[in-house]
Each structure stands twice: as structure tokens, then as C-alpha cells.
Amino acid sequence: MTTRLFAVGLSHRTAPVELRECVDFSRDGVGDALASLASRGLCREMVVLSTCNRAEVYAVGGPDAPDGVARFFAEYHELPLARLSEHLYVRRGDEAARHLFRVAAGLDSLVVGEPQILGQVKAAYATSSDHGHTAAVINRLFHTAFGVGKRVRRETGISEGAVSVSYAAIALARKIFGDPSGLSVVILGAGEMAKLTGVHLKAQQVRQMTVASRTLAAAERMARQLDGRAVPWSELTDALATADIVITATGAVEPVLTRAGVHEVMRPRRQRPLFIIDIALPRDVEPSVGDLEQVFLYNIDDLQGIVKENLTRRSGELERADAIVDEEVERFTTWLQSREIIPTVVALRDRFETIRQSELARLEPKLAGLPPEARARVDEITQLLVQKLLLTPTEQLKSVRDESLISSYSDALQRLFELESDQPDRSETPRKARVAPLRRE
Amino acid sequence: MHLLPLILYACAAGAYLAHFAGRDRSVGRLATGLLGGAVLAHTFIIGMQTVQAGHAPLVGTTAAVSAFVWLLGLAYLYIELTTDERAMGVLVTTLLAVLYLIPALDPGVSPRPAVLQSPLFTLHVLAMLFAYASFALAGVLGVTYVLLFKEIKAKHLGYFYARLPSLQVLDAMNGRALTIGWIFLTIGITVGGIWATQVQGSSDPRAQAMSAVDPKILVALVCWAVYSFALFARRAIGWTGRRGAWLSALGFVIVLLNFVPVGYFLTKSHNF
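Sequences listed follow chains V and L, in order.
Last residue of the first sequence? That's 560 in this note's numbering, and every number before it is there in order.
Last residue of the second sequence? That's 294 in this note's numbering, and every number before it is there in order.
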């Protein structure tokens, strides 16, 4: 039985969200799904990857295993297979490897280059490994995938640039002020938008949060939620004088911050930079405020524009990322194919060793008279002889890349040496070195 | 002999440019390695000249340029290794490679005239050169600050936004470089003044030309005034940020003018 790697699954690319919600292996724990899949005896190695945007099984099994796994998808979630099958994809061999590598690198994600997926892939592999469902092929596949994920991030710009408005604002603040932990933030307005932005900034551990609103009670309520302080609207100018970042999100119709007003504030600040983020609609800040020296004014459209630019730039990096994936797939496939021959190699060695042992047993009466050192020498010489005889054939076999050639070689060897047909894939379990390392003179 | 540091400085500049454009960490390490190699080769040459001449090779503008390149290379390497920030490397190494053309094309060591045989002379030259190296760094920091400032202000976050450290860091480093430079410039000018009064009676015509109206001395005093104002403006009226950055870039242009054209063609007091 040869090692057949495959992947079965569905993702945001093939299935609508209603269906993805139904196909969720993490509902009863991935461990449960793994146990259920394993009990079907379809696959020797398997990993279940389940995130909000995808549900996939990576496994090694016989030729019918992919169909069996597709049925498992339906039966485990109690869905009719017909409803599921049009959304399921099956990838085999190198295509399965390519798919996993692209997933791990974030190339197949909804937001290209998002970093969480690599952690999710790692967790899925760890769960499967803990339950004893991984072995040589899956181990190699996933460790390569982790490497690809890191390499793509390091060597391309696929994960660069903020892709949400709040992260774009935080990234800008970092570019202006450096470390955000010493910063003072003033939030104008106590609405939902203001609060959301405040929560994001709080996560950056800024030094101080100040909330100002036309109604002090509303400001105080929000300040409590953000661990900040509230100031009455009349003390706004003082609060602005010490602020580094100002977020405006009031419902006012007229601008709250005028050019003249901000100009007044800038004087006592002695030109310390002021970063104003206007997320209100209609605008809270006069556009000409942005012309003042050391004032950086961004509104929601500007931030959305940055996000859009970053997304475009990320897509532009896809080609470079796919080149890296291709390279790694090639390397993995080479390794995978070289493994096809391993059961035959092992069987061949076993055959030779059996012959050696039986010949030694046959000669036992003649050897009995020899001193122990001489007998040990005989044993050693026969071992070396077997190793030398097998060295070149083994190397030659392992270097074969062509799949059809591999199977015809295996076939020939099995006939010539009467090897057991359909050897179990012994290399799956750790195997102690049966043959001592060869000494070369 | 002088070609080796020149080649290494030029290669380092190329590598820093490649690193800046491609942002590959291994290219960055290569750039640092090349610059380190260049400074090392340069150190070797200065050492050889010292042994040959029996005194530090600080006589004449060519030797001063060489010593300036060496000091700036060392100072930049120190800053890069302590801050792990390579963005300034492109401008600094380009300046190093261009300025090193002068000693590379004129590798001889000038003999030291009797009038210069004073420890005050060595102190004066070293303090001035160290001040100039600090101002070079401040100038480079100022230029990068302005580039980044413009991108953020224009809301078009692109090339420099992805490559430069924050405005705050650039501004703080600029302030530090200005302060250190100003201290050494003050020491250098004071020591130079004391030494000039000591050699006033000498028969050397250059010693007699030492006065505040000699172009080299005059421009040095202008530099001192510009940098004093820059520091004062930073502290007292909050001229940090873009204005401070422009001022430090302007200051360095004056330094460079004084260093090369004035030093070679105009001065009557410093033409050793």
C-alpha cells in the first residue's frame, strides 16, 4: 500500500457562511471528531483543521479514503452528502501539500496574509499529534507548512500594513510617537463608535484616557468602562493641551474642532505633535486643521483608503509568496516519492538478514569449535557483507523520482527476492536501526 | 592601498541601498559587515600613516577628511549596533564613500610643520571632526525626518513609512546628535582660539592669518551660531520636529562647505 496524502474540506472560497456554520468540527472538540474519523479505519494519519472560515481534513490513506472522508463530513454533521459535495474540494498528493502550505501562509485566508491561521494550523496539528494520529508523512507535511508560513511572512510583504481601520490608526500613532504606552488619549463624544475606538486604544496600554462629552454623565459612564477620566466640555481646551491623540466621534453637525481653536491649543504644547482621528460623520474637525504644523489629521475615509492600499499591496505579493510555496511543494514531493520505495527497501534488508541468520544457524556445528572472538568476527564480517551488497541498490532505489518506475522496481524486487507482497508501511513506527552503520575503509 | 577602504565603503553603500529597498535582514547584516570591514581597513591605513610619519595624520584638509570619514563611520556603527536601526545607513555610507574619494585620490601624508607641534592642535582637530561627524548624523536624521513627515502629513503612506523608525525616535536622536556635536564644536573652537593666540608670534604666515575674518574660521563661527540657535530653539520655543530637522540639515550643508571648498581654496589660515 503506497502512502497517499490527501486533503478534503470546504472554506470561505467554496461554501457560504450558513453551511460553514453547520460544518464545524470544533463544536464537540476536535478530539471527538478525530476519534470518530479514526474509528472508520479510513486513514492512517489525520489532522482536522477547523476555523470559522474553513473545515478540512488532511490525511494519509488508501485510494478510497478521500470519498470516505467526504462521507464522514456529511455523517458527522448529519447533513445530506448531496448538499455538501458540491462545496467540498479534494486535493491529492502534491496538490494537498500546496493547499496546506498556502493555508498556513495565509494566502488562502479571507484577509490575505492574516497571521492567526498559522497558529490555528499549529494547534490542529498538536491536537492530532496528542491523540496519536500523526506519523512520518503528516509530521513532515505540517512541519514544512509551519516553515512555509514563517518564510512567506519573512520574505514577502504579504502580512504588512494594517488591514482594519483601527489597526491603521494605531499603526499611524506608532509611526508618529513610537511606543504608545506613554501617550495620552482624549476621546470626544460618548457614542458607540467613540467607545469602540477607545477599547482598541486601551488594548495598546496608553498612559491616560480622557473622555469629554456635551453631557458629563455620558462621559463619566464611558470613562468608567475605559478606566479613564471624564472632563466637562468646558475644560476641553486644557485636556487637548496635554493630549497626544484626539479621537472625535460626536454627533455634532458643526465642526467641534476649528482651525483657530486647535491653533490656540498648539501654542502651549510647544509644537509637540498632535494626532487627530476624526471618525464622525458629518466631520467633527475642520479640514484646514490638518494644515497646522505638527498636526496630523486623519478622517475615516483616509484610514479606509490606507486599508484599501494595504490590501492591494498584499495581493501584489501573492505571486512572490506562491513562488515560495512552489519551491517547498517541490521539495516535499521529492521526499514523499522517495518514501514510496521504503517498504520495499526494508523488506529487502529483512530478507537478506534472514538469509544471513539462517546460514549462520546452519553452520553452527562447524563454528562451535571457534573461540568467542572469532565467532564475533564471523558475525561482523557477514553483516558487513550484507550491508555492502545492499548499499548501492538502496541508494539507487531511493533516488528514483518517477512514480511508475518506483512501482515497477518494487514489483520486480518483490518477485526476484520473494518479498512479502503488500508490505505494511513499517517506517510509520519508529524503527530501531537494524543494520549497524556501514564502515567504509 | 587607499582603494580598499574606498571599494568597501562603496560596496557598503550599495548593500545599505539594497537593504533599504528590499528589506532583507541578511542583506542588512552584509551591509553592516562591509561597513565594519571598511572602517577596519581605514583604521589600518591611518595606523600605517601614523607609524610612517611619526604623528597622527591630521595635517591638511585631505587628512582631516579621511579622519572625519573614519570617525563618522565609527559613530554610525555604534548607533546602528545600539539601536538596531539601519535606515540611516544609505545616506551615511553614501556620504562616506563620496568623501573618501578625496583621500583615495591623494594618499600622501603631509609633513607636520613646526607650528602644529602642540597637543592643543591634535585636540582641536579631533574635537572639530567629532562635532562634524555628529552634525552629519543630525543632518541625515533631519532629512529622513522630513521625508517621513511629508508622507504622514500627505496621508500617502508609502515607501518611507514602511522603512523608517517613528518620527519621535528620529527627532530624539536628532536632538542628541545636535547636543553632542555642539559640545564638541564649542570645545574645538575654544581650544583652537587658545592655540591660535599661542602661535601668534610664529613666523609662519598661516599662524598670522588666524583671525575671525579668515573664511574657514568665520564659517566655523557661523556654524556655531546656527547650531546654538538650533539647540536654543528646540529647548525654548519648541522648534523640534520639521523645523528642527530642516535646521540640522542646513547646518550640515554649511559644515560641508566649510570642510571641503573653503578648506581647499579659500582659507589662508588652515591650508596646511
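Hints are computed from structural coordinates only; laboratory data are not their basis.
A couple of the hints might just be wrong.
Below, a sample of chain V positions facing chain L; criterion: calculated Cβ distance under 7 Å [stated by the list, open to error]:
id: 1; residue: Val149
id: 2; residue: Ile295
id: 3; residue: Gly297
id: 4; residue: Gln413
Just so you have them, the derived chain L footprint on chain V, three or more residues with Cβ under 8 Å [unchecked claim]:
id: 5; segment: 286-294
id: 6; segment: 389-403
id: 7; segment: 417-428
Note that the coordinates shown come from a computational prediction; the quantities given were computed from them, not determined experimentally.
Glycine included, each C-beta is placed from N, C-alpha and C at the ideal position.
Hints and how they fare:
1. Val149: Hint violated; Val149/V Cβ to chain L Cβ min 36 Å, cut 7 Å.
2. Ile295: Holds, about 5 Å.
3. Gly297: holds, 4 Å
4. Gln413: Interface hint status for Gln413/V: holds (5 Å vs cutoff 7 Å).
5. 286-294: holds (count 3)
6. 389-403: Answer holds; 4 residues pass the 8 Å Cβ test.
7. 417-428: holds (count 5)
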